[in-house]
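Work out the full structure: start from the sequences and follow the hints.
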Amino acid sequence: MLEKGLELHTVTGTIEQLEPCPCCGYRTLTTRHEYEICSLCNWEDTVPIDPEKYNPANQSSLNRAKEIFRKMENIMSLGKWARD
1 MLEKGLELHT VTGTIEQLEP CPCCGYRTLT TRHEYEICSL CNWEDTVPID
51 PEKYNPANQS SLNRAKEIFR KMENIMSLGK WARD
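For the sequence shown, full-length UniProt numbering gives the first residue as 1, with consecutive numbering after it.
Since the hints were derived computationally from the structure, they do not count as laboratory data. Just so it is clear, the structure is predicted and the values come from calculations on it, not from any experiment. You can take every hint at face value.
Within a straight-line C-alpha distance of at most 25 Å, the following computed BS3-like cross-link-like pairs (lysine-lysine) qualify:
1) Lys80 x Lys66
2) Lys53 x Lys71
3) Lys53 x Lys66
In structure tokens:
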């Protein structure tokens, strides 16, 4: 690496502990049920409700949103996201 002019660096610090999104399952939320929006699937994590019921904040039920995400997951770049 050094012969190509690249230097090696050490990165220190603590890893942010994230919570899994109820829709996509990836660790993208800092807290649960605080109306935070997942930066991966855009699900707004509202208070828990029946996953079959329509969620007005998300304009879908949780189960329907999961189904849609599973179909899209194969074409998404997910390299930096940790999954539960």
